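Student: Just so you know, the sequences run in chain order A and B.
According to my numbering, the first sequence is numbered sequentially starting from 1.
According to my numbering, the second sequence is numbered sequentially starting from 1.
By construction, these hints were calculated from the structure, which means they are not laboratory data.
All figures in this text were calculated on a predicted structure; none of them were measured in a lab.
Some hints could be false.
[Unchecked claim] Partial list, derived from the structure: chain A residues whose beta carbon lies under 7 Å from chain B:
id : residue
1  : Glu4
2  : Ser5
3  : Val8
4  : Glu89
5  : Thr131
6  : Asn132
7  : Pro134
8  : Thr170
[Stated by the list, open to error] These stretches of chain A come out as covered by chain B in the derived footprint (C-beta under 8 Å, 3 or more residues):
id : segment
9  : 27-34
10 : 42-54
11 : 118-129
[Unchecked claim] Chain B is nowhere near these chain A residues, computed Cβ spacing over 12 Å in every case:
id : residue
12 : Glu6
13 : Arg71
14 : Gly79
Heads up, the beta-carbon is just placed ideally off N, CA and C, and yes, glycines get one too.
Number of protein chains: 2
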Amino acid sequence: MQGESEVVVLRLGHRPGRDDRMTTHIGLTARALGADRALLVGDASQSETTVRDITTRFGGPFDVEVVDSYRDIIRDWAGTVVHLTMYGERVQDVEEDIRAAHAEGPVLVVVGAEKVPFEVYDYADFNVGVTNQPHSEVAALSVFLDRLFEGRELEREWEDAEREVIPMETGKRVEEVE
Amino acid sequence: MQGESEVVVLRLGHRPGRDDRMTTHIGLTARALGADRALLVGDASQSETTVRDITTRFGGPFDVEVVDSYRDIIRDWAGTVVHLTMYGERVQDVEEDIRAAHAEGPVLVVVGAEKVPFEVYDYADFNVGVTNQPHSEVAALSVFLDRLFEGRELEREWEDAEREVIPMETGKRVEEVE
């Protein structure tokens, strides 16, 4: 988010067709919940287009990009690498250390699909489980970001939006932004 | 969760094929993050089977069921109905009221797919936006549950599990439960 060290979400293991919606949801969740960028590894141009389109309509700043390979990104990351996995340490045990690391520099949040190569566990500074139960990489990412930012992401401002949703008790209200 | 008023997740608008994975992720997220039951409206038997299978292997109590229609469930709910929607009130503004309601009785959390009929907005006691941005119903559900339970769901005990994941700094460790 603006005024903080960068947070980038790296999506591994995208399988075209099968994973399109999950990868799109990861990109949109990264944007909505305070990350600055999403990097989608592999043939994920459909998800990239959707996330870019939502950013044009509902605002940013947020960047999304398709990349060929994850290895150099993780290896060369000048900051902290967090890998979300059900096998990792409990988020409630490590979140404070990760927040301290984020106060010092950028954080790369790695989100895998089914099988994540062992080297990712090895390169990560933190392997983190949002529960040690099988559920959803989208769920893990969203709880992680909400805890990383301690709710600040819910108050962020959106720039250059074409439209804005006005919170309502009942019904739907969308306004054009001047 | 055990010792608390029941929390049930109701998934609306499932489209077989297209929504199978999202609905499965909703069911698994409900289970992992402290809900007691998931009700899947429509032809979602594939998701039901997966969630049931995970519960057998990794423990419960958690119940999942396919239902024909949502209307009576929402209308007759003896407790609080929360509908998660990007058009709703900001979660940070209403979560305290919802926690107070949950201290008094059961909570039904309604999670839609694309188009949710207007009557759902009308029947809900709270229409709640986890951000007023388009992202993911799985993300909205998971942040909502984590805030509803204030992290208690991460400490819950699992009963009758066949296997258990042991949190690790690096690597994967799964143990058979005696």
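Student: Are there at least three residues in the segment 27-34 of chain A whose beta carbon sits under 8 Å from a beta carbon of chain B?
Tutor: With 5 residues closer than 8 Å to chain B, the segment 27-34 of chain A meets the three-residue bar; holds.
Student: Less than 7 Å between beta-carbons is the criterion; does A:Thr131 satisfy it with respect to chain B?
Tutor: Result: holds, 5 Å to nearest chain B Cβ.
Student: For the segment 42-54 of chain A, do three or more residues have a beta carbon lying closer than 8 Å to a beta carbon of chain B?
Tutor: Contact hint for the segment 42-54 of chain A vs chain B: violated, 1 residues under 8 Å.
Student: Was the hint right that A:Val8 lines chain B, CB cutoff 7 Å?
Tutor: Since the shortest Cβ distance to chain B is 17 Å, the answer is violated.
Student: Just want to verify: A:Gly79 was marked as not at the interface with chain B; is every Cβ pair farther apart than 12 Å?
Tutor: A:Gly79 is indeed farther than 12 Å from all Cβ atoms of chain B, at 19 Å.
Student: At 12 Å, judged by beta carbons, does A:Glu6 keep clear of chain B as stated?
Tutor: Label holds. Min Cβ-Cβ 19 Å, cutoff 12 Å.
Student: Does A:Glu4 hold up as a contact with chain B if the rule is Cβ-Cβ below 7 Å?
Tutor: A:Glu4 check fails; min Cβ-Cβ to chain B is 17 Å, beyond 7 Å.
Student: Does A:Pro134 hold up as a contact with chain B if the rule is Cβ-Cβ below 7 Å?
Tutor: holds, 6 Å
Student: Against chain B, is A:Thr170 within 7 Å by beta-carbon distance?
Tutor: holds, 5 Å
Student: Report holds or violated for the interface hint on A:Asn132, using the least CB-CB distance to chain B and a cut-off of 7 Å.
Tutor: At 4 Å from the nearest chain B Cβ, A:Asn132 passes the 7 Å test, so the hint holds.
Student: Would the hint on A:Glu89 be counted as holding, given a Cβ-Cβ threshold of 7 Å to chain B?
Tutor: Holds, because the Cβ-Cβ distance from A:Glu89 to chain B comes to roughly 5 Å (cut-off 7 Å).
Student: Should the interface hint for A:Ser5 be scored as holding, given a Cβ-Cβ cut-off of 7 Å against chain B?
Tutor: violated, 21 Å
The structure is inconsistent with the numbered hints 1, 2, 3 and 10, although it conforms to all the rest.
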